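Visitor: Sequence:
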Amino acid sequence: MQLRFLDYFVALAREKHFARAAESCHVTQPTLSAGIAALEEMLGKRLVNRDRRFIDLTPEGHSILPFARQLLADHEGLRHAIDAPAGPLRGQLRIGSIPAAMPSIGFLMKALHASHPRLTVTIRSLTSREIERGLLDYEIDAGLTYLDNEPPAQVRSVPLYAERYMFATRADAPLGGLERIAWKDAAEAPLCLLHEGMQNRRILDAHLVTLGLKADPVATADSYVALLSMVSHGGLSSIVTDSHGEFVAGDPDLRVIDIVDPAPPNTIGLVVLDREPLSPLAKAAFSIAETLRLLSPLRSC
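Using my numbering, read the sequence shown as starting at 1 and increasing by one per residue.
The hints are simulated quantities; they were obtained by calculation from the structure and are not laboratory data. Take the hints with a grain of salt, since some may be wrong.
[As the list claims (entries may be wrong)] Straight-line distance between alpha carbons at most 25 Å, and here's what the computed BS3-like set of lysine-lysine pairs gives:
#1 K45 to K283
#2 K214 to K184
#3 K45 to K16
All values reported here derive from a predicted model rather than from experimental measurement.
My request is simple: use the sequences and hints to build the entire structure.
Guide: As structure tokens, then:
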């Protein structure tokens, strides 16, 4: 069996579109279609429902998809394992990160490149659920996500730091002169927040419920860059993590204010799929994470 045919099949299952799948595999669409047809002939089963376009995988296609993904991941792991005794790893390490954890990426990158200078790292901003799915589907090698709220399944984890919430607003806004702010005042301000599909928002909403409060944001987004832009230029305030608050602390036009009676801190850490053998790339990321000691996502011990 040609592994490239499995690669075509997995790409089509991911993209759900023949042209995009071919592009992701760096082949022409006829080449991809012919490879999938050859795979179907080898297995003696139809794997894809299609007419002139992709419709869906057949039941047989859905059935073999997890095994195809695992075979490709094991093949990639084998290639890296062969090179491992010769010295530092080379290749592409794929990391998914929740937006709240992005400020910690620099410390991880510095440590990774100190040990594996030939490694290329690709960072993707994902939700915690997308990270869990990405690990199970072998789309990413490691993830930075919450460990103690909606913990991901079937993973090994190492904690990196704990985050807390702060209130961000313009210095010239009505609440901009405060040194500390109560949760009630923060929740009732004109807010922009992450959308409800983000775990950080779900954690925040759950904490507000314990206080008998509810946030009703004017705007939502899936990135802190967008939130802080709306705070800076859109006349809104936000409740952000301390890591992103520290990023803008030097901006004279913005204030990042402590919240009275802060919520319990949320632990963020690195996760990899809990399997044996662990891929060399995932093992390298996990080992490096174990050496990191972060006081916050922007400060190391």
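Visitor: Now tell me, hint by hint, if it's right for this structure.
Guide: Now for the hints, and whether the structure bears them out:
This hinted pair does not check out: K45 and K283 have alpha carbons roughly 36 Å apart, beyond 25 Å. In summary, the hint linking K214 to K184 is supported, as the alpha carbons are separated by about 9 Å, within the 25 Å threshold. For the hint linking K45 to K16, the alpha-carbon distance of about 19 Å falls within 25 Å, and the restraint holds.
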